[in-house]
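Asker: Sequence:
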Amino acid sequence: MHSLLIRTLSIAALTLLPAGAIVAQDGTVGRTAITLLNGTQEIMPDTTVARFSYNPVSDGGLTTYRLNALSGDHVVRSLRTDSIVELTYGPMSRYEHFAGIWWLVASPNGEPNEQGIMVTETVSVPVHAVLPAPGTPDYGHYIYCHIDSMPHRSGLKVSADFKLHYTYDEALGRGTIAMVLDDSQPISDTEYAGDATTYAYFAPGQTWYMGVSDQHQGGDTGHRYMYFVSQNIDTQQLEGMEIATTWTDADQQDLEHEYRFAQQYQIYWIAALDIPYSNAEHDEVGIIDIFASPRLMRHAWHKPLKQP
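Once you know that position 274 of the sequence shown is 1367 in this note's numbering, the rest is easy, because the numbers rise by one and skip nothing.
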């Protein structure tokens, strides 16, 4: 096993780690784990990364270096060497399996076509998942996920960050992975900038834009924070919760497996006035979209071919 602690900006002594060198008898794949200064850890599986290289980059007269993870000639990930704390190589754990590139697949709320019939579709949203740094409280329990751009009917570019909650029961031989819908933490530092017409449609000329409730204490705060929440089946109110799915070792080895979250819950993407969000405090301004049948997949969703 290789281990390297990078303490300076220089990479003259950097030993590049070979991919594809470890495959255990039980089929476990090797990986390179790269811990970063920002408190996260990238996991690079041998099945994805063929080799590593580095190159100097000139920026404003200063030369920095980047470590590149390559699959063939394609750069999978490129990191500044001065952002790296540690690189380690070894077999990939069940927990580490959930880092990397995923697709959040779901069906957003439909829109009426020219005949007034509601039309829905399935979207595949790329997700980049990293781990918390080893030794931190979240390590072994949560996976940090980032979406560059949520699908939006008006073409607005909106990023989103959320967590997955990880558990595994050795005795039962299965685990759970849950999408954390957090009503205390907005999904983005950027606030929603769409007008009333950019909220979810349910009928021609009507949107799920509610405006500021006259029952909201303090009136319009001027903020439009975004949250992922769901509907409490008992109270019918929107709130934070975890929507989960179970998995096994066989599921992890199956690249076609769909990690389907509890199907009775939908992801409500909302704009609200306060942090934290509270349905009881009438914080909600409107519903940007509603995503049904949410699931995680290792590739984009493709419509199944119809059987003859």
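For the record, the hints were derived by calculation from the structure and aren't laboratory data.
Some clues are possibly wrong.
[What the hints assert, rightly or not] Lysine to aspartate or glutamate pairs mimicking EDC-like chemistry, simulated, CA-CA at most 16 Å apart:
(1) 1256 to 1189
(2) 1256 to 1275
(3) 1250 to 1284
(4) 1256 to 1335
(5) 1396 to 1351
[What the hints assert, rightly or not] Okay, the calculated beta carbon distance ranges per label pair:
(6) 1314 to 1349: 43 to 51 Å
(7) 1175 to 1263: 38 to 46 Å
(8) 1283 to 1175: 48 to 56 Å
Heads up, the beta-carbon is just placed ideally off N, CA and C, and yes, glycines get one too.
Asker: Would the hint linking residue 1256 and residue 1335 be met if the CA-CA limit is 16 Å?
Answerer: holds, 10 Å
Asker: Do residue 1283 and residue 1175 keep their Cβ atoms within the hinted range of 48 to 56 Å?
Answerer: Given range 48 to 56 Å: violated, Cβ gap about 27 Å.
Asker: Could one say that the CB atoms of residue 1175 and residue 1263 fall in the range 38 to 46 Å?
Answerer: With a Cβ separation near 39 Å, residue 1175 and residue 1263 satisfy 38 to 46 Å, so the hint holds.
Asker: Is the Cα-Cα distance between residue 1256 and residue 1189 16 Å or less?
Answerer: holds, 14 Å
Asker: Regarding the pair residue 1396 and residue 1351, is the alpha-carbon distance no greater than 16 Å?
Answerer: Holds, because 14 Å separates the two Cα atoms, which is no more than 16 Å.
Asker: Tell me if the beta carbons of residue 1314 and residue 1349 are separated by a distance inside 43 to 51 Å.
Answerer: holds, 46 Å
Asker: Run the distance test for residue 1250 versus residue 1284: straight-line Cα separation, threshold 16 Å.
Answerer: holds, 11 Å
Asker: Does residue 1275 lie within 16 Å of residue 1256 when you go C-alpha to C-alpha?
Answerer: Holds. Residue 1256 to residue 1275 sits at ~9 Å (cutoff 16 Å).
In summary, the one numbered hint that this structure violates is 8.
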